[in-house]
Amino acid sequence: MSKPDELLVDVAALVESGHSNQMSLTVVAGGAVLTGRLAPEAVWRQRVSEVLADSDALGDFAAVFTGPPNQEGPPRYLHFHVARILQGPVGIPETGGMYRVAIEDVSAWSMGDVSYFDH
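Residue numbers (this note's numbering): 732 to 850.
Hints were generated in silico from the structure; no laboratory data involved. Backbone N, C-alpha and C fix where the C-beta goes; we use that ideal spot for every residue, glycine too. One should not assume that every hint holds.
[As the list claims (entries may be wrong)] Below, in silico cross-link-like pairs of lysine to any residue (SDA-like), each with a Cα-Cα straight-line distance of 25 Å or less:
no., residue 1, residue 2
1, K734, V837
2, K734, M842
3, K734, Y808
4, K734, E835
5, K734, A744
6, K734, E803
7, K734, P805
8, K734, S841
9, K734, S748
10, K734, R807
11, K734, V759
12, K734, I834
13, K734, G761
14, K734, G804
[What the hints assert, rightly or not] Label-pair ranges, simulated between beta-carbon atoms:
no., residue 1, residue 2, range
15, E737, A794, 33 to 39 Å
16, S786, R831, 31 to 37 Å
17, Q753, R807, 18 to 24 Å
18, R831, D787, 19 to 25 Å
Given the sequences, and given the hints that come with them, work out the whole structure.
This is the structure:
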């Protein structure tokens, strides 16, 4: 989007304010469909840092995520946790991952988490 959707920015701002980390959202960005729950950036950064710190190979990168989030102006990113990239009949990874998506890159979005079921 050349100009981010104001309603999506408002949703992100409410999540950032700490009112809820239970907001499920599905977005299309760069042709990929991503679905999951939003988290405040500070919470997302802390969780990413913890995962990296526990890794022998990637532990040095943990410090990059411990800095404070940028609090100036409206949110520019969506921070997903327990999220999946939908590809065909599956979500990758099955257990959910942590993703950061620029709001300006979102071309479509919907409230709620999309799931596939094989009946």
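K734 and V837: Cα distance at most 25 Å? Given pair K734, V837 holds - Cα atoms ~10 Å apart, limit 25 Å.
Holds or violated: K734 to I834, with C-alpha atoms at most 25 Å apart: Judged against 25 Å, a Cα distance of about 9 Å means the pair holds.
Holds or violated: K734 with S841, Cα cutoff 25 Å? Since the Cα atoms of K734 and S841 sit roughly 18 Å apart, the hinted pair holds (cutoff 25 Å).
Quick one, are K734 and S748 close enough, alpha carbons at most 25 Å? 22 Å, holds
S786 paired with R831, Cβ distance criterion 31 to 37 Å: Distance hint for S786, R831 is violated at roughly 18 Å.
Starting from the hint 19 to 25 Å, judge whether the C-beta atoms of R831 and D787 obey it. 24 Å, holds
Given pair status - V759, K734, alpha carbons within 25 Å: The hint holds at about 15 Å.
With a cut-off of 25 Å on the C-alpha distance, tell me whether K734 and P805 pass. With a Cα-Cα distance of about 13 Å, the restraint between K734 and P805 holds, given a limit of 25 Å.
Is K734 close enough to G804, meaning Cα to Cα at most 25 Å? 15 Å, holds
For the pair supplied as a hint, K734 and G761, confirm whether the alpha-carbon distance does not exceed 25 Å. Roughly 15 Å between the alpha carbons, so the hint for K734 and G761 holds.
Pairwise hint evaluation, A744 against K734, where the allowed Cα distance is 25 Å at most: 16 Å, holds
Could you see if the CB distance from E737 to A794 stays within 33 to 39 Å? Since the Cβ atoms of E737 and A794 sit about 35 Å apart, the hinted range of 33 to 39 Å holds.
Against the hints set out earlier in the document, a violation occurs for number 16 only.
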